[in-house]
Amino acid sequence: MTNRREINLRTREALNGYGFVLIWIVGFSLFTLLPLLETLRYSFNEVTVTATNINLEFVQGANFTRALFTDPNFVELLIGYAIETFVSVPIVLIFAMIIAMFLNQNFKFKGVFRVIFFLPIVITSGPVIRELTAQGAASAPGVSNIPAVVEFLQELPRALRTPVEYLLTSFILILWFSGVQILIYLSSLQKVDRSIYEAAAIDGASSWEIFWKIILPSLSTATVVNAIFTIVTLSHFSENHVIQYIYSQTYNVQGGIGYASAMSFIYFGVMIVLLVVIFLLLRSRAKRESK
Amino acid sequence: MQILHHPLVERTRGILFGSRAHRGLTFTIVLYLLLIAIGFVYLQPLLFMFITSIKSSGDLLNPMVQWVPSELYLGNYLRAFRVLDYPETLLQSILISVTPSLLQTLVCSLVGYGLARYRFRGKSIIFVLLLATFIIPPQNTVIPQMLTYRDLGLLGNPLALILPAVMGQGYKSAIFVLIFYQSFISLPKVLEESARLDGASDLRIFFNIAVPSAIPAYIVAFIFSVVWYWNETFLTGIFLEGGVTTLPMQLSRFTQAYENLYPPGTVNIFDRLNEAVKMSGTFLNILPLLVMYFVLQRWFVESVEMTGITGE
Numbered sequence: 706m707t708n709r710r711e712i713n714l715r716t717r718e719a720l721n722g723y724g725f726v727l728i729w730i731v732g733f734s735l736f737t738l739l740p741l742l743e744t745l746r747y748s749f750n751e752v753t754v755t756a757t758n759i760n761l762e763f764v765q766g767a768n769f770t771r772a773l774f775t776d777p778n779f780v781e782l783l784i785g786y787a788i789e790t791f792v793s794v795p796i797v798l799i800f801a802m803i804i805a806m807f808l809n810q811n812f813k814f815k816g817v818f819r820v821i822f823f824l825p826i827v828i829t830s831g832p833v834i835r836e837l838t839a840q841g842a843a844s845a846p847g848v849s850n851i852p853a854v855v856e857f858l859q860e861l862p863r864a865l866r867t868p869v870e871y872l873l874t875s876f877i878l879i880l881w882f883s884g885v886q887i888l889i890y891l892s893s894l895q896k897v898d899r900s901i902y903e904a905a906a907i908d909g910a911s912s913w914e915i916f917w918k919i920i921l922p923s924l925s926t927a928t929v930v931n932a933i934f935t936i937v938t939l940s941h942f943s944e945n946h947v948i949q950y951i952y953s954q955t956y957n958v959q960g961g962i963g964y965a966s967a968m969s970f971i972y973f974g975v976m977i978v979l980l981v982v983i984f985l986l987l988r989s990r991a992k993r994e995s996k
Numbered sequence: 177m178q179i180l181h182h183p184l185v186e187r188t189r190g191i192l193f194g195s196r197a198h199r200g201l202t203f204t205i206v207l208y209l210l211l212i213a214i215g216f217v218y219l220q221p222l223l224f225m226f227i228t229s230i231k232s233s234g235d236l237l238n239p240m241v242q243w244v245p246s247e248l249y250l251g252n253y254l255r256a257f258r259v260l261d262y263p264e265t266l267l268q269s270i271l272i273s274v275t276p277s278l279l280q281t282l283v284c285s286l287v288g289y290g291l292a293r294y295r296f297r298g299k300s301i302i303f304v305l306l307l308a309t310f311i312i313p314p315q316n317t318v319i320p321q322m323l324t325y326r327d328l329g330l331l332g333n334p335l336a337l338i339l340p341a342v343m344g345q346g347y348k349s350a351i352f353v354l355i356f357y358q359s360f361i362s363l364p365k366v367l368e369e370s371a372r373l374d375g376a377s378d379l380r381i382f383f384n385i386a387v388p389s390a391i392p393a394y395i396v397a398f399i400f401s402v403v404w405y406w407n408e409t410f411l412t413g414i415f416l417e418g419g420v421t422t423l424p425m426q427l428s429r430f431t432q433a434y435e436n437l438y439p440p441g442t443v444n445i446f447d448r449l450n451e452a453v454k455m456s457g458t459f460l461n462i463l464p465l466l467v468m469y470f471v472l473q474r475w476f477v478e479s480v481e482m483t484g485i486t487g488e
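Respectively, the protein sequence lines represent chains A and B.
Counting in the working numbering, the first sequence runs from 706 upward without gaps.
Counting in the working numbering, the second sequence runs from 177 upward without gaps.
Quick caveat, the hints were computed from the structure, so don't treat them as lab data.
All of these numbers come straight from a predicted model, not from anything done at the bench.
Incorrect hints may appear among the rest.
[Said to hold, decoys possible] One-sided excerpt, in silico: chain A residues whose CB lies under 7 Å from chain B: (1) Asn721; (2) Trp729; (3) Ile796; (4) Phe818; (5) Ile821; (6) Val833; (7) Gln840; (8) Tyr902; (9) Ile971.
We put the CB at the ideal spot given by N, CA and C, even for glycine.
Chain A with its partners taken away, still in its complex shape (with noise of 0.2 Å):
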């Protein structure tokens, strides 16, 4: 008799749950299950767009070779979205711990230097950072126009000194990508107990040691989130090259939207591969941390 009330006020309980999160799956499987599968069918498709209705003419692989063998430009802006993501990673990531380590510990004007650091969160925008960089205030203050750091550049190999001159060029903006990086670092420093702290220090471990031994660890989830988040920010900025130029494919007369479709496609599996080779780089790390 319990037993049958039990599984009752279960599956009461259960649909209750359902109720709430009703919306969310049905919204999920229009707006974005539906589309993605759409956009899959297009991506495999000639597809003209008329006044009335969209004509579909099979064409198997033919998008996705163009793409990948006979279109100039995607393969070099995929590959530099490559490059430029996997500089951008690492640096926002160490620079939103530093910056977080800094505002966890007291000192005056704190509020001031908080406000600044989160200011970037409230106002980069495609548009914005667009006009920025057109003037030439998102680099490094004044170091790319130092003769020597130009002449630097060019005795580079090639494969170095794409990432370095982007580093040079986009420093300020690869920061002003950190705010909420430092606001997720913020908060898992927050939660470790002072009390640790102190009885490592009690113990002898200096400052080093302590960020070595508790801090570190103790940030290696907000670390893997941080990471993703970073991945998936840079890559869905509107200013990216490579959406633009999809973007720009779509309208083309040559195409359109079939192969924009299946750029879309090839673009979103590089992105997957850098969140899983970041992800699985970072959990090597925190691995041999833990041993």
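Given the structure of chain A, go ahead and fit chain B onto it with the hints provided.
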């Protein structure tokens, strides 16, 4: 060696390098120097933008004038104001960011509450799908949506942004669901159970007990949502083109709009489009956000302590 342990030396060392109890002077100076340097790097683009925007065309051409303009020239702002059609686009920007944000915040809180407070099958699948909605690039879903909206005659209509928000699929919805999940999961079960014994329905418990306990999360989610909708240009550009013009949209076609208003052939050379006018436009574009930020900065800055945003 004796002198190293002289009390005076010990005290100086304490002041300079700190002791167990407090930080030393050196450390404090280094800390502030670093903070100021980083703060400057952060503010430099903004300062540059502002200073360029008040330069007259004479100052712009004069290589001697870098950081201090010879006069405060407001003509750029006047022109940028007209090109942006400021009052109109500002109002539309506010509507386009506030309406979806309100609905999105409400719906995401319902979903977050459901995930945090109820046991049911398939929850982990929903979390995976949430993560997926966060990761999938917008261009992988946007074209069919646009074509559907076109068939329904909704292109250029704010509903094109509002509908997904109502269904929990708004811009960065997944983050908000997780914020609410975090803040509801720590709610003590006792309150809920006693209300249930009193015969309150689940929705009533949600609105009377859960919502008041999570007010900070609501405010933080709403503010972030407004900011992200405001700054979004990819989706708004595709869905609203031709119907609604937001500030960032108008900024991204600033050059064209400027030349429509001041055709290059007809105005004298000083009134041609230059960096100063562009920077004025950019500054006008972020000004409302700056005002909001400084009024509400407590909510941004302390959002960590208040909601415990993490992503676990």
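Verification of the supplied hints:
no.	hint	verdict
1	Asn721	5 Å, holds
2	Trp729	4 Å, holds
3	Ile796	13 Å, violated
4	Phe818	5 Å, holds
5	Ile821	5 Å, holds
6	Val833	6 Å, holds
7	Gln840	6 Å, holds
8	Tyr902	11 Å, violated
9	Ile971	11 Å, violated
When the structure is compared with the earlier hints, violations turn up for hints 3, 8, 9 and for no others.
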